[in-house]
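Based on the sequences and whatever the hints tell you, model everything.
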Amino acid sequence: MNAVADQFANRGVGSYFIYTHEAHPGENYPHLTSMAQKFKHAYALRDVLGVKRPIVVDALDGACHRTYGSMPNMTWIFNQSGIPVYKSDWSDASSVVNALSYFLDVRDRRKRGDRLAPFNVHRLDYRNQDRQAFYHGLERNGPKAVREFKDAFG
Amino acid sequence: MATNDLLSLYNYDAFVPEKFTRWMNFEASPAIGNPAPDFPLWHLDERETRLSQIWAENNLTVVEFGSFT
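Protein sequences, first through last, are from chains A and B. Here the working numbering is used: position 20 in the first sequence is 20, and no number is missing along the way. Here the working numbering is used: position 45 in the second sequence is 45, and no number is missing along the way.
It should be emphasised that the hints constitute simulated quantities derived from the structure, not laboratory data. Hints are not guaranteed to be accurate.
[Unchecked claim] Here are the simulated distance ranges between beta carbons:
#, chain 1, residue 1, chain 2, residue 2, range
1, A, Lys111, B, Ala2, 18 to 28 Å
2, A, Lys111, B, Asn4, 47 to 57 Å
3, B, Asn59, A, Gly113, 26 to 36 Å
4, A, Tyr43, B, Glu57, 19 to 29 Å
[As the list claims (entries may be wrong)] Below, simulated DSSO-like cross-link-like pairs (lysine-lysine); rule was C-alpha separation at most 27 Å, straight line:
#, chain 1, residue 1, chain 2, residue 2
5, B, Lys19, A, Lys40
6, A, Lys150, B, Lys19
7, A, Lys144, B, Lys19
8, A, Lys111, A, Lys40
9, A, Lys52, A, Lys40
Just so it is clear, CB atoms sit at the ideal spot from N, CA and C, and this is done for glycine as well.
Pasting the structure below:
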């Protein structure tokens with residue numbers, strides 16, 4: 001997703017990361033109990049995981065995250081008026097690139113004088129699954145996170 | 001729900017289905033095409049901002065929600 005941000009940065013597209021809560025709390029990154037801890041974990045997103053986009057932190061009770069569906073790693077695209085034009089219950093760079101390319105083309109078509117009316121689309125997108133890399137990430141959180149995920153999903 | 005209950009339930013201490021599935025509610029999330037709800041957020045230096053300030057900065061804004069873990 002960092003690369004997507006870079007790819008579209010000079011085309012009027014901003015990118016942010018909202019830090020929510022710990023989906024897989026472990027010994028190294030336990031569940032949140034304070035805003036001070038929440039900021040500390042958010043810094044780790046930047047310094048350990050390498051998130052290069054601006055990171056903002058939700059309230060401790062997850063008010064924003066909960067209202068937007070509470071999925072552990074979801075992506076939304078908003079227009080400048082605050083209208084969501086894309087929402088995905090999982091973050092996938094290819095899906096976001098596809099959506100942004102489409103919306104930028106809409107902008108270009110309007111500039112050329114096309115009269116366009118919005119309509120709704122519901123579509124299944126597909127993402128790569130890399131269970132080995134996922135477990136590697138869980139190990140960073142601590143053995144508890146690995147054990148609990150295996151218990152839940154095998 | 002009492003504030004302390006909400007804080008501890010949302011910030012669950014173990015990834016077990018009875019603790020995390022209650023929050024996964026994407027079907028009830030704001031609709032595409034309608035004005036989105038606004039919320040306060042905080043930069044890493046603890047300056048307060050709002051989601052509305054973020055989406056107002058550019059023609060389009062990609063917002064990824066996630067955690068460290």
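Structure-based check of each hint:
| no. | hint | in the structure |
| --- | --- | --- |
| 1 | A:Lys111 to B:Ala2: 18 to 28 Å | violated, 53 Å |
| 2 | A:Lys111 to B:Asn4: 47 to 57 Å | holds, 53 Å |
| 3 | B:Asn59 to A:Gly113: 26 to 36 Å | violated, 18 Å |
| 4 | A:Tyr43 to B:Glu57: 19 to 29 Å | holds, 22 Å |
| 5 | B:Lys19 to A:Lys40 | holds, 23 Å |
| 6 | A:Lys150 to B:Lys19 | holds, 15 Å |
| 7 | A:Lys144 to B:Lys19 | holds, 15 Å |
| 8 | A:Lys111 to A:Lys40 | violated, 44 Å |
| 9 | A:Lys52 to A:Lys40 | holds, 16 Å |
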